[in-house]
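Asker: So you can see what is in the structure, the chains are spelled out below.
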Amino acid sequence: MKRLPPVAGEWIDRTREISFVFEGKSYRGHPGDSISSALLASGASMLGRSFKYHRPRSVLSMANHDINAMVQWAERPNVRADVTPLTDGMALTAVNTFGGLRADKASILGAFSRFLPVGFYYKSFYSKKLFPLWERMFRRLTGLGKVDFTAPHLCTAKCYGFCDVLVIGSGPSGLAAALAAADQGADVVVVDENARAGGSGGYARGADEVLAATHNDLLQRAESHSLVRIMTSTCAAGYYTDHWIPLVTADVMTKMRARSVIVASGAYEQPAVFRYNDLPGIMLASAAQRLIYRYAVSPMRRAVVLAANADGYRAALDLVAHGIEVAAVVDLRSVIGDGEAETAVIHQGIRIVLNACITEAVPASDGKGVAAAVVVPVTQPNEAIGLGREQIPCDGILMSVGWAPAGNLLYQAGTRMRYEKSLEQFVPDVLPAGVFACGRVNGVHSYAARLLDGQRAGSAAAAHAGFGIAMGVAVPNETECPTHSWPIIAHPKGKNFVDFDEDLQLKDFENAVQEGFDNIELMKRFSTVGMGPSQGKHSNMNALRILARLVGKEPQQVGTTTARPFFHPVPMSLLGGRGFTPERRTPLHSRHDALGAQWMPAGVWQRPEYYQVADKSRSDCIQGEVAAVRNGVGIIDVGTLGKLEVIGPQAAEFLERVYISRYANLKLGMTRYAVMCDETGVVIDDGVVGRLAEDHFYFTTTTSGAATIYRELSRLNTLWQLDCGIVNHTGAFAAVNLAGPRSREVLAGLTDADLSASAFPYLALREASVAGIPARLMRVGFVGEWGYEIHVPANQGAALWDALMQAGGGHGMRPFGVEAQRLLRLEKGHIIISQDTDGLTNPFDVGLDWALKMDKPFFVGQRSLRVIAQQPRKQKLVGFVLEPGYAGTVPLECHLVIHQGEMAGRVTSIAFSAAVGQTIGMAFVAPELAEVGNAISIRLSDGSQVPATVTRTPFFDPDNLKQKEAV
Amino acid sequence: MNVNAPVLLSPVHAALLARNPVWSEAGVTPPAVLGFDGNDAQRAAAVGIADLSHLPRAGAKGPGTADWLAAMGLPVPLQPNSWNQLPDGGLIARLGLTEFLVEGDASITDTLMQTDRAAGVYPVLRQDASFALCGARVNELLLQTCNVDFRTLDAEPSKLILTSMAGVGVTILYTRTFTHPCYRLWCDGTYGLYLWDTLVGIAEELGGGCIGLNALR
Chain A
1 MKRLPPVAGE WIDRTREISF VFEGKSYRGH PGDSISSALL ASGASMLGRS FKYHRPRSVL
61 SMANHDINAM VQWAERPNVR ADVTPLTDGM ALTAVNTFGG LRADKASILG AFSRFLPVGF
121 YYKSFYSKKL FPLWERMFRR LTGLGKVDFT APHLCTAKCY GFCDVLVIGS GPSGLAAALA
181 AADQGADVVV VDENARAGGS GGYARGADEV LAATHNDLLQ RAESHSLVRI MTSTCAAGYY
241 TDHWIPLVTA DVMTKMRARS VIVASGAYEQ PAVFRYNDLP GIMLASAAQR LIYRYAVSPM
301 RRAVVLAANA DGYRAALDLV AHGIEVAAVV DLRSVIGDGE AETAVIHQGI RIVLNACITE
361 AVPASDGKGV AAAVVVPVTQ PNEAIGLGRE QIPCDGILMS VGWAPAGNLL YQAGTRMRYE
421 KSLEQFVPDV LPAGVFACGR VNGVHSYAAR LLDGQRAGSA AAAHAGFGIA MGVAVPNETE
481 CPTHSWPIIA HPKGKNFVDF DEDLQLKDFE NAVQEGFDNI ELMKRFSTVG MGPSQGKHSN
541 MNALRILARL VGKEPQQVGT TTARPFFHPV PMSLLGGRGF TPERRTPLHS RHDALGAQWM
601 PAGVWQRPEY YQVADKSRSD CIQGEVAAVR NGVGIIDVGT LGKLEVIGPQ AAEFLERVYI
661 SRYANLKLGM TRYAVMCDET GVVIDDGVVG RLAEDHFYFT TTTSGAATIY RELSRLNTLW
721 QLDCGIVNHT GAFAAVNLAG PRSREVLAGL TDADLSASAF PYLALREASV AGIPARLMRV
781 GFVGEWGYEI HVPANQGAAL WDALMQAGGG HGMRPFGVEA QRLLRLEKGH IIISQDTDGL
841 TNPFDVGLDW ALKMDKPFFV GQRSLRVIAQ QPRKQKLVGF VLEPGYAGTV PLECHLVIHQ
901 GEMAGRVTSI AFSAAVGQTI GMAFVAPELA EVGNAISIRL SDGSQVPATV TRTPFFDPDN
961 LKQKEAV
Chain B
1 MNVNAPVLLS PVHAALLARN PVWSEAGVTP PAVLGFDGND AQRAAAVGIA DLSHLPRAGA
61 KGPGTADWLA AMGLPVPLQP NSWNQLPDGG LIARLGLTEF LVEGDASITD TLMQTDRAAG
121 VYPVLRQDAS FALCGARVNE LLLQTCNVDF RTLDAEPSKL ILTSMAGVGV TILYTRTFTH
181 PCYRLWCDGT YGLYLWDTLV GIAEELGGGC IGLNALR
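Here the protein sequences line up with chains A and B, keeping their order.
Here my numbering is used: position 907 in the first sequence is 907, and no number is missing along the way.
Here my numbering is used: position 52 in the second sequence is 52, and no number is missing along the way.
Isolated chain B (complex conformation) (with noise of 0.2 Å):
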């Protein structure tokens, strides 16, 4: 693939690019990250960032939706701000009453957005920045950008939260699908730059910065 120009970007893309990253082969889905040079693992061990924008995603909101995921065989989160893993991989968020996010393999998410749509179910293209945060000072990190004690995150590790982080709303939740444990966010892509270069600079501060796939999992 020609690296420079991927017919799909993250939100981040920009920041990704000015940092030398070695890219994955190009695919059906944009191109992630695998790394960047030869002390990811040194920063995934302190604070580790990793942009996972390019996981394929869909949303979908209204009051028949909970319905309608469910007939479509998803495991649907029965508590609002809660999520379930998906068996291949992946997840689907109840970010509220009546508003999912699914995020996974592209032929479920594809399913969804181009299936027709139910009474009460309200399509929503998620376009979302969508990071990785991990490492042994990655809740200094959190402590240093948002008022939410994510601890409580391991004790229930179903609930997910919705909050503003550095001045951006986000949704987050801790995650061990991958062999570091971490916290998973997502946020508004037009708002992933800023937050992107804010939590990498707080993390490099702290040891850590930017990481790419290779390093989480």
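Isolated chain A (complex conformation) (with noise of 0.2 Å):
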């Protein structure tokens, strides 16, 4: 093959050269090449080697679909060189070789096919005993490309777009379509997979040149059109609910929503099916006019073109004006159209063979490219004849028998296709609300036809959008059939290929449909024919019609695969795409920084774990601020917890409803612990409710339960109707915990509220001023000291903070975090939701049987309690302790409580309490084993088993003297 002279339209740019290295050796080209097209033009044949049998190969159809011409590039696997753009400096090799694409050792594997059946790899693996040897070998042998584990993540966007009317597909028929909607003032997108617009309007020219600048014509005006959008290097890849669809470019996906979407998608190519027509320079006859228009490349020398439409004759026209011979047109069909093209073969004097086939290509000396085809008459339909054999010397074959259309997005947007005999195509029969199909896709082959059909979808798609009314287009029916029936040629030697992606040959089908694979999901799965990189683009059609005759049905009867999402491959870099993890920090996040906080999630927050100090261990780091709480006074960032109001006459009726416990009774300024259930009585959340007015409530819910309790209650109280309402305030007011003996002491410098204890008593609530700012105040114990948390609103949390810092630096006062705060309330037994509970722990399991108020009239989940109650525990929790001294491993959360060999249990908290001077833990243990003494067992990871002695809560100051006024 070698570079044409320039020709009209070329995507090249000879005024450059760029150089690259396939295999190891320099080869040039221009930009606008494909590798493929670059690699053809520099006189190389052979592109790539196949799957299984590592036979040479090279372009097929210069369509996205050239599997066994892909390549590997640095890190990127599988590059597929036949639209792949050509850059500066590429170093290439092909994939699937061992040792070189023109010494593949593999390549000895074609002499042993005849044991590699169909099914071998599932066959293979009958055996038990060499299922490790087989399972070693197809890992050595299969897989294209190379993984590199080192590449670097690509970070790339991800993108959402919008449109009135989506194309897909800019040829002939989706340039009008467009237009067709633009005029009818829709906002329209059209995306291509290919470098340039125009699709087959490029290329399938025949040599016309009145075609040619008609069809320029209609992509500039397309082009120059203020309400069309055109996007090139971009592939549907898929069709998703609501005209969803991402579209895929090398760099970005965008997930385009479009009112209406007209896939104009096209036909692929068809090949035809005969001994060796897998050979280098046998190619779609689309995949010529490719590389000879788009590339300027000569596709061969000498061609035969073997045809059963008029797109084989107008493709043998393009080669005869590009210089190229044609030995002969070898026609499937005994009658040929009277078209245009048809005619002027005849005039320009190319031989036509009529009712003959190929029956098989023969292979070069080398066997790396073809010297001739054998032609032979055939009878119908296609059972070639022994007599008249005829070889014709070429170094080329165009296969241009037919196509298939390019309906997966259809397909997968729920169209009901159908087979239509008079086209011998699936076309569109029910197409979903907002969808259309126009062009070959949807069985109008003809330029002048696709034009008109492509206006129909245009303006029907419009209308659907809102904009203007559908025009009534009458599009004629084609006049000749472009797709035989039947392009199979059986051939006693094989080799003759169906599927290239997996080097399945005819035999095999028959085969698969003899052992009992006969519909086209089992002969698919068992074949694999379909599941190679092209999915079948250029095998599914001929295996349908081959599982169709040997089952003696009717294409329509034997249907196709299904089509899934993916269309195309797409790289796991747009897949994954830039990453949203949204993150909530409390308006402290960066005193806490300053101060060394180690940054824990706990749901969607971040909190400090612990406050790194130098030259200390991460455990002395909590046991010193768990000591600064219990002997002085700490603070902690408790702005995570759901802020939560409740406001109107119904207040406290909703509140009644809602929790376990009883708030009508509630005093003005005072708080009470709080449990909430759902409907099937188990223990879901907990915080503390404070009453700032008679129809006012202030609550607080558990971190992680900030979002959904808000959900939740706004929920109930939409069904209750009560006269109230919900407010959220979890982000808007800050909040600390200021705990330990001392901590008043540093809140009275602060504020004017009397700190007295009769005066602002535990479990009060109080508004007043701290520090300038206005506070609401609690006087609360999860730690089991003096404290207070303090509620100021979240632009005023940082001030609060550092004049908290500031009055407490006198005090020893260290911040402390949710470690200190774990370890402080499991020594006083405050449970912590969902650590110390689970989906199925109700409040009997856990101690909180004083908080239900059963007599209530109604809270949420009091019916399923009543039931729960009568019948017998089956678990509860208990406090535990590990013998005094003990040295060995501590158990983890979540370790086993084992009884007599059994289960028994699990460990919820555990930790070591320097105020007990042992390792304290809770866990929930089977009943018989809950009383206070008795020994109980934890296994470890290790298997070995860690005695433990049942013990009552709290382990640490049991009468709460140290939130009275007495200490």
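Simulated from the structure, these hints should not be mistaken for laboratory data.
Keep in mind the model is a prediction, meaning the values are calculated, not measured.
Glycine included, every Cβ here is placed at the ideal spot set by N, Cα and C.
Take these hints with a grain of salt, some might be off.
[As the list claims (entries may be wrong)] Covered, in the sense of this in silico footprint (three residues per stretch, anywhere, with C-beta under 8 Å from a C-beta of chain A), are these stretches of chain B:
| # | region |
| --- | --- |
| 1 | 7-14 |
| 2 | 125-136 |
| 3 | 157-168 |
| 4 | 185-191 |
Assembly of the complex is requested from the two constituent chains, each provided in isolation within its own frame, with the hints serving as guidance.
Answerer: Now the structure itself:
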């Protein structure tokens, strides 16, 4: 092959040359070349090896489906050479070779093909004994390209897009559709996987200059229309509900939402099946036309064209127009049409052999090209008859025997397709609302008819999107069948390939059916037809025809396999794209950072786990924070708690219904512990409810429950229609807990509020000013110390923190993190919802019976709890201690409690308490083990067991003296 | 003022501080960022993001709120998910059937927050992170973070959209209040830093970034 003289409309830039390396050899090409076109123009004929037999292969389609011409480009495997633009400095190797492309050692496998029948892959695994052997061998032999685990992470954007009408395909019908829709006022996006718009209008010319000019005009009108956006090098990779189409480019995936979608995706030209139809030099007619008109590459010097439609004749004319000899047009049909192309071929004196087929290609002497085509007459349908055999010398064969609709997206959209016998093609029968089809995919093949079909679809799609009225456009029927019903020639020696991805031959299908795999889905999985990288775009239709004939059915009865997204491989980097992981940070985040906070996720929040002190271990830091709270004063950010308000005349009634305790009798200025259950009686949240006014409550939820509880309460209030409203102030308030025996001293210096025990008793709620900031203060004791929860508007949170830290400095105040708080509350035996409870825990299990007010008229979960109360307990949460001085491995949360060799519970919380002087914890145990003083055994991960003793809680300050004035 | 320790802080104060901003003079309201460096205008032309969290705002919800606000002389939007400009600047937004956001002069917002609530009126403390997004490529930024077609706001200028952006619930409207037409955005303040960092990161990829008020007005 060689570069042709300049061709009108060619994509290459001849003014520049770029160099690249393929299989260790240097080549040159032009910007605008694809890898394949540059290689062919440079004289390379073999571009790859086949998957199974490692046969030499080259161009088949030049349409993004040449899976036997895939290359490795640095860390990128399986780059499709037929369409990937050539860039300067590319270093490429063919995939799937052992020892390089020319001397691929695995090509020996072809000689053993008779031992590799269809389904051998599955059959080889029958033997359990040989399984490992086969597995190793298959893993070594199979797979295309190499994954480079050191490849850099590519951060790609993900993007949304919107349009009124999305047109998929920029061929003649797509462009006509786009113009019709835009002329009605719709905002139109046209996508095309090729580097330039125009589709087949740019290359399927039949050397017809008028047609070329007409098409150029169409393209220019579309490109210049103010309402038409054309996106090239963009693949519509799938169809999702409500016209959501992922549009994939090399760099970004755009999720396009369209009001209407027009599928003008064209059709895949289909290969003929004959012996050695895979040799380099044998290609689809459209591939040759692409090479000529896009890349100005001569596909061969002397061609034989195997035709069954007018497209083959047009291809022959294109070859001749560019100086390529056409030795013969071999037509499978006995009669040809009287169209312009056929007439022109006759007038040019090109030999036409009717009612004939190519039964085999004669390989060149090196086996890596074509030397001749063996042409024989055929009976109908296409049984070669031995008489009249003729060998026509050539170095290339074009196949133009028919088309299969590129209907993948239509199938995904839910289109019902039917097999149209007059076209020998599946066409849309019933389209979903808002989805339209035109052009070849719609069974319309002639250029003029495609324009009309595009206008019809474009107008209708615009009307569906709310622009104009659908105009009636009459689309003429095809005058000839564009596709042959049986372009398949049997050969006793085989190697007549149906699927070039998987090296499947005609006999493989016959054998599969013989073995019982006689429907299309079974056939696919057993033979692997259509399961290669091209996903059957050039094999499924022929496979379907073969199966139909073998089982005596029509194609419509055989049906097609399921088309699933994605239609085309999408790089993982695009699928991953930019990730969004929302994080909530309290208004004190920067303060914690400055103090050396070690962060931990708490649901969607980031919270300080502990504060790093120089030269201290994590454990020492945590124990230090605990000691500060127990002996002096500490401060923790509790701004992550859910902070809700319920306001209105029936606010108390609302709380009565959602919490298990009683709140109607809660005094103004007081708080009460609150536990929430779901309707099955399972504990789902807890917090503190405070009463600010007769009709106004301020209450907290757990950190993880903040958003979900608000949603649930909103739902309930919508159902109940009580005269009250819920306000979510979680993010609007900053909150800290100032705790420890010296907390009152610290706070006293910042507020005029009376902090005496009588004026501000335990569980009281006050509104006061702290450091000049309006605040809500609650005297609560989650960590078992005298303490205040202080809530202020979020934008003043940092100021509050700064003031408290300054005031606490003289008292040795330390910030403490989540881990210290966990230990402090454990010492008090206070549970954490979802740590010391799970999705089955009811209030009885965790000793919250005291909070249950079963005599209330109603609360969520009450009915279930009445039933549960009558049933024997299955588990009980107890405190336990390890032996004093225990120095072995400390159990972890979720380690099992073992009793008499059986699972009898699990640890929910455990830590060493300096205040207690022992390792303490809580665990669910069987009720019979729950008695204080019982010995239990906890199994470690290594299987050894640690003895423990059930203990009363609280572990520390059981009489709560530290929260009373006397202390 | 001591810019290192202002009393009232934006939810994204730490992110602003890290870029050495030029602060406005101290006043009753929190300080605002006037600018960052000499390139604010360039960034604003591409994609500019300004922090407007300092603007005073107030909220209320409940069945009596619309009448309550109207009685206070505010131009209450009649339709859910719409907004009106206040006469002295600022805006009143209807975030649903019965929820409202008022942003503007402190005299208005303070009055709203301090007036005794009426029946069916539940005050909402608004501590939002609030940004303005402007620039020629702002739509690209929006398309990378949100699946709403914001072009529809051009045609319906009184409309606002409550949606999810980069995983965060936001309220968005389009305004020509400033010299540069821009999108205004509000989100829960605790998501502010995350959303600011996310938007600024993408804006920088698009040739823009954070800007101060001077580049906006």
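Asker: Does each hint fit the structure? Answer for all of them.
Answerer: To see whether the hints hold, each was checked on the structure:
{"no.": "1", "hint": "7-14", "verdict": "holds (count 7)"}
{"no.": "2", "hint": "125-136", "verdict": "holds (count 3)"}
{"no.": "3", "hint": "157-168", "verdict": "holds (count 3)"}
{"no.": "4", "hint": "185-191", "verdict": "holds (count 4)"}
Of the numbered hints given earlier, the model fails none.
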